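Build out the structure end to end from the sequences listed, making use of the hints.
Number of protein chains: 2
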Amino acid sequence: MEVKYAKRMMTEGGSEISDILALTAKPEVISFAGGLPAPELFPVQDMKKMADEVLDEVGTVALQYSSAQGFPKFRQQIADRMNAKQKTNVSADDILVTSGSQQALEFSAKIFIDEGDVILCESPTYLGALNAFNGYGPKYIEVETDEDGMNMEALEKVLQTTDRVKMIYVIPDFQNPTGRTWPLEKRKKFVELITKYKVVALEDNPYGELRYEGEFLPSLKSFDKEGYVVYLGTFSKILCPGYRLGWVCASPEILAKYIRCKEDGDLQTSTISQLEVSRYLEECDVDAHVLEIRALYKKRRDLMLKTIEEEFPEGVKWTHPEGGLFMWVTVPESINTTEMMKKCVENNVAYVPGVAFYPGRTKANNFRLNYSNMDEERIVTGIKRIADVIKNELR
Amino acid sequence: MEVKYAKRMMTEGGSEISDILALTAKPEVISFAGGLPAPELFPVQDMKKMADEVLDEVGTVALQYSSAQGFPKFRQQIADRMNAKQKTNVSADDILVTSGSQQALEFSAKIFIDEGDVILCESPTYLGALNAFNGYGPKYIEVETDEDGMNMEALEKVLQTTDRVKMIYVIPDFQNPTGRTWPLEKRKKFVELITKYKVVALEDNPYGELRYEGEFLPSLKSFDKEGYVVYLGTFSKILCPGYRLGWVCASPEILAKYIRCKEDGDLQTSTISQLEVSRYLEECDVDAHVLEIRALYKKRRDLMLKTIEEEFPEGVKWTHPEGGLFMWVTVPESINTTEMMKKCVENNVAYVPGVAFYPGRTKANNFRLNYSNMDEERIVTGIKRIADVIKNELR
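Protein chains in written order, with the UniProt record's numbering: chain A, 1 to 395; chain B, 1 to 395.
Hint data in this document are derived by calculation from the structure and do not stem from the laboratory. None of the values given here were measured: they were computed from a predicted structure. Where hints are given, some of them may not hold.
Stated by the list, open to error - With the Cβ distance kept under 10 angstroms, some of the chain A side facing chain B (calculated, not the full set):
#	residue
1	THR98
2	GLN103
3	ASP117
4	THR269
As the list claims (entries may be wrong) - Heads up, simulated EDC-like pairs for lysine to aspartate or glutamate below, C-alpha to C-alpha not over 20 angstroms straight-line:
#	chain 1	residue 1	chain 2	residue 2
5	A	LYS198	B	GLU213
6	A	LYS49	B	GLU2
7	A	LYS4	B	GLU226
Glycine residues also receive a C-beta, built at the ideal position from the N, C-alpha and C atoms.
Below you can see the structure in the form of structure tokens.
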């Protein structure tokens with residue numbers, strides 16, 4: 001066989017996520033690598049009740065095709081929740097239901113990126129987003145990023161001096177992979193800049209509701225008067241990922257392009273999933289559920305931070321995330337964390353090597369830790385194992 | 001606001017499907033436009049039982065992330081069914097679960113098409129496939145198509161004389177929109193030709209199990225020794241569309257590209273949907289369910305054919321589909337069916353104008369009729385309404 005593929009498929013890449021998932025599948029591995037929610041909190045019996053009600057009451061609707069944009073009532077619930085939690089002022093018409101926010105990331109590149117166009121991002125940034133974008137041939141510029149998020153002076157300089165910037169990708173709340181959060185003033189300044197330079201920004205916000213300390217901050221979208229912010233949300237982290245339900249919120253002209261991508265790409269998101277989760281939002285107390293998630297993840301974050309503090313040797317630094325699922329560890333530059341990962345796996349513990357989160361693959365001495373998916377005992381044991389490997393490396 | 005999109009988004013198109021869905025939403029319209037299954041046959045109570053069992057027995061698994069390729073057991077069931085019904089010899093490893101076969105169509109263009117590459121297709125062909133492909137900038141060549149499918153002499157001539165043919169898109173069983181089916185010899189010849197010219201073919205087979213007369217024929221994939229056929233299947237027509245479950249079956253090298261598209265595009269298909277439908281295949285009798293569907297659709301096809309025979313005026317021709325969901329009507333060339341559609345909608349009846357199914361938009365005197373979704377009374381009333389409009393046009 002001798003098959004010709006499109007040029008976009010001739011590159012490597014994309015394998016990191018599957019490698020991670022492969023690692024997490026072995027039960028003996030303590031994996032801080034994935035970004036999985038804690039399954040013990042999934043509202044299984046509630047969802048069973050919702051499934052029963054949906055199938056009893058609107059069964060033939062639930063199993064039929066439905067519209068590309070998504071059920072109006074479900075979109076209204078999403079808009080209401082955004083307005084309450086993200087301080088936006090949006091309506092059901094501004095929402096498209098997607099198959100997770102990963103799908104919205106992929107659509108974004110399809111909509112905005114011609115080969116050679118430039119995407120600006122934080123440094124480091126979410127590797128799944130890079131995978132979603134890469135098929136469309138972007139160039140990346142990593143904007144200098146401080147402890148409190150993207151550096152606005154650096155951003156303006158890049159915007160002033162760079163042609164073909166088509167999109168800026170950011171995660172202002174509890175960023176993946178670093179756990180960092182942008183302060184209020186930075187949010188306002190960012191929206192001011194993208195409006196001035198007329199560049200679309202993707203605000204990816206999967207974790208915003210999962211805050212364990214400090215005050216909730218308004219979304220970028222809440223400051224967006226002219227419509228340059230495209231907001232991506234998901235039910236994966238506040239309910240569960242199994243239904244693959246996310247959404248895009250954008251101004252009408254831009255949203256129309258996303259709806260077209262949806263029609264062309266998979267017609268619509270699962271009808272029955274939308275109806276079941278819509279009913280959950282109506283009949284159950286999702287806010288109470290989020291409180292439970294926050295309590296458990298806070299406990300796990302605190303324990304991971306405490307164990308790291310006690311076990312990691314001098315010269316290692318880590319972030320203190322105020323929410324979300326991840327923290328980011330920096331080891332001395334003598335250590336290559338991709339190499340060190342092999343030794344960790346031999347010791348049945350896993351993280352994601354940091355290099356995967358830099359489009360330029362420039363830094364090799366970081367790794368990402370997830371604290372939502374492992375129980376307390378495994379957090380302590382796993383961190384000790386990583387500490388031992390690091391100590392050995394530094395010897 | 002002033003936003004720059006990628007070039008691929010600057011074209012029109014894609015609106016026909018949403019326009020169709022908008023029309024079908026009004027209850028007073030008798031719509032033969034969509035391709036919707038008959039909801040009264042959906043196994044609602046069975047699916048409720050499956051949902052209960054899945055959530056009781058593996059609830060936390062069902063609501064969690066899972067692998068990009070899909071559950072191994074579900075893929076094995078799909079492979080087994082293909083081997084039984086499509087006479088293939090494939091395994092679970094050859095299958096990727098997708099969000100409906102529409103997603104597999106979009107991935108196909110992403111995988112094989114650089115801007116300006118050529119896609120060969122039947123004439124007419126499925127408009128949803130054209131929408132899925134268009135984002136990647138293909139050129140289309142419509143291969144001459146006879147009453148029994150694509151003309152093999154014409155195909156070979158095109159293959160001999162055309163550069164950059166990257167993909168051939170065909171629906172050999174009960175084609176959308178015409179309802180035509182390729183005979184056995186044509187299937188063998190086709191696979192011989194694509195193997196000789198080393199061109200990938202997409203065999204899109206959503207309706208193959210829905211045969212109402214004549215003998216079932218083996219799939220193109222069953223003759224494919226070297227791996228040039230990519231087979232697309234779906235549960236939308238043999239079970240229901242609401243879960244958005246389809247699949248790709250391809251040789252390992254090609255399937256790896258589809259899996260990568262899946263990871264990049266939306267990570268994975270709904271975990272809970274896969275588990276519920278997998279359990280349905282195990283515990284319920286899907287073959288008995290397909291028999292019910294075939295009995296009902298045969299009755300509706302027969303009634304539509306009979307009513308057309310009685311009501312349509314001289315000079316109108318139509319196909320006699322041996323299965324599937326659609327028939328294809330050709331009116332005298334003096335009639336433009338897109339124009340005539342307005343009069344039909346005024347009379348509360350709808351079809352899809354034929355021009356949408358020609359990439360070159362070259363023919364204006366056809367339309368597609370669906371007979372699966374309207375009950376018997378509405379079929380008779382609706383066909384009479386269309387007949388009246390045609391008679392008026394010819395007056």
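Hints, verified against the model:
Taking 10 angstroms as the C-beta cut-off, the interface hint given for THR98(A) holds, the closest approach to chain B being about 8 angstroms. Nearest Cβ of chain B to the Cβ of GLN103(A): about 4 angstroms, under the 10 angstroms cut. The hint holds. Interface restraint check: ASP117(A) against chain B, minimum CB-CB distance 7 angstroms, threshold 10 angstroms, status holds. Checking THR269(A) against chain B: minimum C-beta separation of about 7 angstroms stays under 10 angstroms; hint holds.
A distance of roughly 60 angstroms separates the Cα atoms of LYS198(A) and GLU213(B); the hinted pair therefore is violated under the 20 angstroms criterion. Of the supplied pair hints, the one linking LYS49(A) and GLU2(B) is violated, its CA atoms being roughly 47 angstroms apart against a limit of 20 angstroms. Note on LYS4(A) and GLU226(B): the hinted pairing holds, with a Cα-Cα distance of about 15 angstroms set against a maximum of 20 angstroms.
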